[in-house]
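Asks: For the sequence shown, my numbering assigns the number 1 to the initial residue and increments by one for each residue that follows.
Just so you know, the hints here were simulated from the structure itself, not pulled from any lab data. In this text the structure is predicted, and so the values were computed from the model without any measurement. Do not rely on the hints blindly, as some may be mistaken.
Pairs of lysine to aspartate or glutamate residues, derived as EDC-like cross-links and limited to a Cα-Cα distance of at most 16 Å, are as follows [claimed, not checked]: (1) 256 to 293; (2) 412 to 453; (3) 522 to 486; (4) 219 to 293; (5) 443 to 459; (6) 787 to 758; (7) 797 to 769; (8) 455 to 440; (9) 256 to 224; (10) 761 to 807; (11) 512 to 474; (12) 801 to 758; (13) 443 to 423; (14) 801 to 783; (15) 591 to 602; (16) 226 to 196; (17) 612 to 584; (18) 388 to 423; (19) 550 to 602; (20) 388 to 453; (21) 408 to 378; (22) 467 to 519; (23) 333 to 351; (24) 244 to 293; (25) 795 to 769; (26) 532 to 519; (27) 455 to 499; (28) 256 to 233.
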Amino acid sequence: MPLLFPREASSSLSNPTRCLKGFQQLHLHSSRMVGVLDRSLHLQETARPEQNVQEISSPRDIAAAIEKGACRGINLPSVVVTMMKNVHLAPEIDEDDLYTGYNDYNPTFDTEDLENDPAFQRAVKTSHGRRPPLTAKVPGTSVSRPLATGYASKAALSSSMGRPVTAAVQDGVARPMTAVQAAGYSKATSRGSAFDPLGQARGPAPPLEMKNEDSPEGKIKQLEKKVNELVEESCIAHSCGDLKLALEKAKDAGRKERALVRQREQTMSPANINLDLTYTVLFNLASQYSANEMYAEALNTYQVIVKNKMFVNGGMLKVNMANIYLKQRNYSKAIKFYRMALDQIPSVHKEMRIKIMQNIGVVFVKTGQYTDAINSFEHIMSTLPNLKAGFNLILCYFATGDREQMKKAFQKLITAPLEIDDDDKYISPGDDPHTNLLIEAIKNDSLRQMERERKSTAEKYIMTAAKLIAPAIETSFAVGYDWCVEVVKASQYVELANDLEINKAITYLRQKDFNQAVETLKMFEKKDSRVKSAAATNLSFLYFLENEFKQANNYADLAVNTDRYNPSALTNKGNTIFANGDYEKAAEFYKEALRNDSSCTEALYNIGLTYKKLNRLDEALDAFLKLHAILRNSAQVLFQIANMYELMEDPNQAIEWLMQLISVVPTDSHALAKLGELYDNEGDKSQAFQYYCESYRYFPSNIEVIEWLGAYYIDTQFCEKAIHYFERAALIQPTQVKWQLMVASCYRRSGNYQKALDTYKAIHRKFPENAECLRFLVRLCTDMGLKEIQEYATKLKRVEKMKEIREQRVKSGRDGSARARREGSAGGATPSPEHKPNLVSEVLTDPGSITVKAERLSAKLKSLPGTNDPYETSITKEIDASYIDPLGPQIERPKTALRRKMDEDEFADEELGDDLLPE
């Protein structure tokens, strides 16, 4: 039966190029066809001899050989015909193939693989009727195998290596097709060339081609990289505290990201837009707006993210929007957005949902809706309890006044888990050096510090809650404290029970119940050393405040003996010794307290005061400067440093430190007065006046400031303004006559004689034996021509006479054995006119009532006349009502350019001519 090809295949044989392509596409079915030919083809016995077999080396040759065989009448079995019916050339246009793209060459023009293709060569040679002899070749996948001929057995053939033929059909099941391309071995390899499977003989690989940065893809990648860098710089600036720079970087990143999106849309499909980058840029921009308190812009940016459905988790950002509304005190919208965010968060995120619920409860507290807040906090404590929610729950019940619920909430707070390790973990179990080294490494690491901070926070919540509810849950705060102590003792916070007892004693102190406080603290004398030392320290402090230094010293000794490393106990011991005047020994206790705890600021401050008492100013200054490095804004420390520089006669440094002091406490009247005093000593009256006025404005009862301001206005000849300050001084010290005398003198100097006379009369009614007031009354009545002059003159004589009698009595009452003192007394009884004292000068020279700032005024007041000058009480002398102004001579009025009108006629001496006479 002749071998027939399909019409498409036979027509393709006429075109060599299409023939080659057809045989290449036929390669997938070649192995199957070879097996059929190998088992079924048999040549006739009249075949040509072996030497006449034509070598076939091309597709055109094999087509011609097959055609000749068909012309000679070669009979093929029916199986061959059936199998060949399934042979079809692949179409010129390939369908979608799984292996498309794996071949880097065009198989149409590849003719060398036909020579190395064992299946193709075997099919060609079998068609000539004989199998080539076996030859020794290099082992490989392309080793040829002899095919069966007409003289051989019809059984299934096997290769010379003992395995079935590659394309054989066994048991009617065809072998799966293999890849189109061969294993990759070339013809040169089979001819004995060196084995080089890795291709190392070809030399180094060519250099990589440089990327074209000017291409659209390159520009997009560069722009995307720049956007990421700007976002990172914005985040770094925010972490460093530079919020303005962070916002600028975020805005720049937003602008470049929008340009990137537009460029992507022009060069690529919209599906290639990087949504993650867009989300990052918008979220960072909104965060920076919120950090810079630009809440409207932040809300708008968050709205852009939330409304975009392409952002999967954008709904969670409603929590941030709710936080902004909370900062704006828009509580209704805050609750709304918190609940919207809560609805969009799945239930698997328990911690996130609990935090949102806690925020909702806080907002309800701010709005006063305690019932709704209680529901939120109760839900949290029943789902995932924590300390903050438990404390807030107690506050809500305290606001509603529910005693029983307060107790239950306190018990829930006590049982809230801390989730920290026990302290026994950090105790070395033995002498293993490796274990000890490990424990030493983790004893103070960041995790351990976090655990300590969490425990400290828990203790703070519990202590605050106990102090809050103790007076409310029972009839008295003592019973409430006892209940809290019992609950704490039954929990994991056993150590807090003693602290609660000490707080109970402190509460007694605040209620001024010192006896109960002392009794409560004395209960700790038989307890463990730590609590005993704390109680003794507090007792020492209490007795020290009550000026019972002996008891304070006893309890200070008890505290020190109980715990020698307690810096508070050592400080109290030093205080008791300081109060007794033993400054050197007190300094030793302060030093020991500092050795035990270098951060004990009380001991450092006290040792500075001790060195100041010992006149060791340099050491005192060093101590206060060290304390200033710890307490940067302590007003007491700043004042002490300024005082040290003042004592060291460095006014400029003292003024500088006082300026720092008033920057911390700008309303401290004493600091302002001190600045005024320093400027006054330096001669800067204007600055001194400014600071004294500020001091008077904040504290108008400082008599020293009032005295300086009055003297300043007298110096500047503004007596009317000085009256206000002297009247204030007279209200503060109503028993001091000098302030009222100064008021009357100011009235007289300002020309208001009637007001001055009334003031002197009022002073005489209050102080009828004041001679100075009588002298001024006599003088004013004389000047004004009043009739009361004789009355006041008589009173003045009587007052001076009584004063002489008192002085004589003092003289006669002295002991006769002390002649020197008696002589001194006699000299004091009859003073010379220059040194005879008077009442006003005695008051002014009293060191308890005069300061340096009033020396000028005191000098003027001292210049007042004595009792015998010019009004000495004498019968033989007439009364002289002359006086000396205590404020000094009056300044002469400045002359003006106006002339006084002449009473006489300026033409009186001239003769009038006839022409000037009237007709």
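Asks: Against the 16 Å threshold, does the CA-CA distance of residue 443 and residue 459 hold or violate the hint?
Replies: At roughly 21 Å apart (the allowed maximum being 16 Å), residue 459 and residue 443 break the hint.
Asks: Check whether the Cα positions of residue 797 and residue 769 lie no farther apart than 16 Å.
Replies: It holds: about 11 Å lies between the C-alpha atoms, which stays within 16 Å.
Asks: For the pair supplied as a hint, residue 512 and residue 474, confirm whether the alpha-carbon distance does not exceed 16 Å.
Replies: Judged against 16 Å, a Cα distance of about 21 Å means the pair is violated.
Asks: Verify the proposed pairing of residue 244 with residue 293, using a straight-line Cα cut of 16 Å.
Replies: holds, 11 Å
Asks: Take a quick look at whether residue 532 and residue 519 sit within 16 Å of each other, Cα to Cα.
Replies: Roughly 13 Å separates the two Cα atoms, so the pair holds.
Asks: Holds or violated: are the alpha carbons of residue 455 and residue 499 at most 16 Å from each other?
Replies: holds, 15 Å
Asks: Holds or violated: residue 761 with residue 807, Cα cutoff 16 Å?
Replies: Since the Cα atoms of residue 761 and residue 807 sit roughly 27 Å apart, the hinted pair is violated (cutoff 16 Å).
Asks: Under the criterion that the straight-line Cα-Cα distance not exceed 16 Å, is the pair residue 256, residue 224 satisfied?
Replies: Distance of about 8 Å is within 16 Å: holds.
Asks: Can the restraint linking residue 256 and residue 293 be considered satisfied, given a maximum Cα separation of 16 Å?
Replies: Not OK: residue 256 and residue 293 at ~24 Å, beyond 16 Å, violated.
Asks: Please verify whether residue 412 and residue 453 have alpha carbons no more than 16 Å apart.
Replies: Since the Cα atoms of residue 412 and residue 453 sit roughly 21 Å apart, the hinted pair is violated (cutoff 16 Å).
Asks: For a C-alpha distance cap of 16 Å, please report whether residue 801 and residue 783 respect it.
Replies: Violated - the C-alpha atoms of residue 783 and residue 801 are around 25 Å apart, more than 16 Å.
Asks: Hinted pair, alpha-carbon criterion (16 Å max): residue 226, residue 196. Please report holds or violated.
Replies: Given pair residue 226, residue 196 is violated - Cα atoms ~47 Å apart, limit 16 Å.
Hint compliance for this structure: hints 1, 2, 3, 4, 5, 8, 10, 11, 12, 14, 16, 18, 19, 22, 23 are broken, all remaining hints hold.
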